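**Student:** Sequence:
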Amino acid sequence: MSLEYTSSEMMTVTAARALENGSTCFVGIGLPSEAANLARLTYAPDVVLIYESGTLQTKPNVLPLSIGDGELAETALTTVAVPEMFRYWLQGGKIDVGFLGTAQIDKYCNLNTTLIGDYRSPKVRLPGGGGAPEIATNAGEVFITLKHSSRAFVEKVDFVTTLGFGRDGKGRDNVPNIGKGPTRVITDLCVMKPDPETRELVVVSLHPGVSREQVQEATGWEIRFAEQLEITPEPGENELTILRELKARTDRAHAGQ
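Positions in the sequence shown are counted from 1; adding 8 to them yields the numbering used here.
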């Protein structure tokens, strides 16, 4: 009997599996936080989760609403000042993975969380960069997770908040002391990785039941597919149970129960 799960659960479980046990991960709020905490609660119990507010090795019982959520400080091994977090931990090369979300992403993994439309007269103002530009620059590698749609996956982002590989795919070439950058993008439809030569995103794995046409329809450019296209492994019962319990706890806590 096959398990029933949603495309969102498929995305979160796949993103969680990308984290190695024992790695140090700088976590963004939202989908990255959900995936990172699922990893910690399942097969990566020794993953070290760090949030931008300065909480080290935090183990929240519920998902935080923001980096300032008290749950992060209460369950952390320790807290440090934000300048120390960035200067010593991040710029000091002590972060293995940065786990980020975004509003827009383009074919070269550049992220936009600043605005939609023209910079001088934007249609929508977004929250801004936060720590994402520094995370993408200094973490060993970057994982990105977001829902797949043509609004999010655009040929050229309206504003480069966070560098992937630049407008031409060469933005990291010959730049010293910079991490590998984005190494995988995980959505509710597929997994993508940058081409080693051109840095353009290539679909390497389709989630079960998802077609190439669905991915192309949800992408704002002519997306490439790997020659050896894989099918992403389905979520397991244990992962789904723990994820659903985590989300239910979070909903109760945020409802004041």
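One thing to keep in mind: the hints can contain errors.
[What the hints assert, rightly or not] Heads up, simulated PhoX-like pairs for lysine-lysine below, C-alpha to C-alpha not over 20 angstroms straight-line:
(1) K178 - K188
(2) K201 - K155
(3) K102 - K67
[As the list claims (entries may be wrong)] Cβ pair distances, simulated, as ranges:
(4) R220 - P91: 42 to 50 angstroms
(5) A256 - D54: 34 to 42 angstroms
(6) E253 - G125: 17 to 25 angstroms
(7) P204 - L11: 28 to 36 angstroms
(8) K155 - S74: 41 to 49 angstroms
(9) N182 - P141: 38 to 46 angstroms
(10) T206 - P91: 33 to 41 angstroms
(11) R133 - E12: 32 to 40 angstroms
(12) K155 - L237: 14 to 22 angstroms
(13) R128 - E242: 42 to 50 angstroms
(14) T206 - Y127: 26 to 34 angstroms
(15) R95 - L11: 27 to 35 angstroms
(16) G125 - L73: 22 to 30 angstroms
(17) E12 - G100: 25 to 33 angstroms
Note that these hints are calculated values from the structure, not bench results.
All figures in this text were calculated on a predicted structure; none of them were measured in a lab.
We put the CB at the ideal spot given by N, CA and C, even for glycine.
**Student:** Now tell me if each hint is right for this structure.
**Tutor:** Verification of the supplied hints:
1. K178 - K188: holds, 12 angstroms
2. K201 - K155: Roughly 16 angstroms between the alpha carbons, so the hint for K201 and K155 holds.
3. K102 - K67: holds, 19 angstroms
4. R220 - P91: 42 to 50 angstroms: Once the Cβ atoms are compared, 46 angstroms apart, the range 42 to 50 angstroms for P91 and R220 holds.
5. A256 - D54: 34 to 42 angstroms: For D54 against A256, whose Cβ atoms are near 25 angstroms apart, the range 34 to 42 angstroms is violated.
6. E253 - G125: 17 to 25 angstroms: Once the Cβ atoms are compared, 40 angstroms apart, the range 17 to 25 angstroms for G125 and E253 is violated.
7. P204 - L11: 28 to 36 angstroms: holds, 34 angstroms
8. K155 - S74: 41 to 49 angstroms: Since the Cβ atoms of K155 and S74 sit about 20 angstroms apart, the hinted range of 41 to 49 angstroms is violated.
9. N182 - P141: 38 to 46 angstroms: violated, 19 angstroms
10. T206 - P91: 33 to 41 angstroms: This hint holds: roughly 37 angstroms between Cβ atoms.
11. R133 - E12: 32 to 40 angstroms: Distance hint for R133, E12 holds at roughly 39 angstroms.
12. K155 - L237: 14 to 22 angstroms: Holds, since K155 and L237 (Cβ atoms, about 21 angstroms apart) stay within the stated range.
13. R128 - E242: 42 to 50 angstroms: For E242 against R128, whose Cβ atoms are near 47 angstroms apart, the range 42 to 50 angstroms holds.
14. T206 - Y127: 26 to 34 angstroms: Distance hint for T206, Y127 holds at roughly 27 angstroms.
15. R95 - L11: 27 to 35 angstroms: violated, 45 angstroms
16. G125 - L73: 22 to 30 angstroms: holds, 27 angstroms
17. E12 - G100: 25 to 33 angstroms: violated, 45 angstroms
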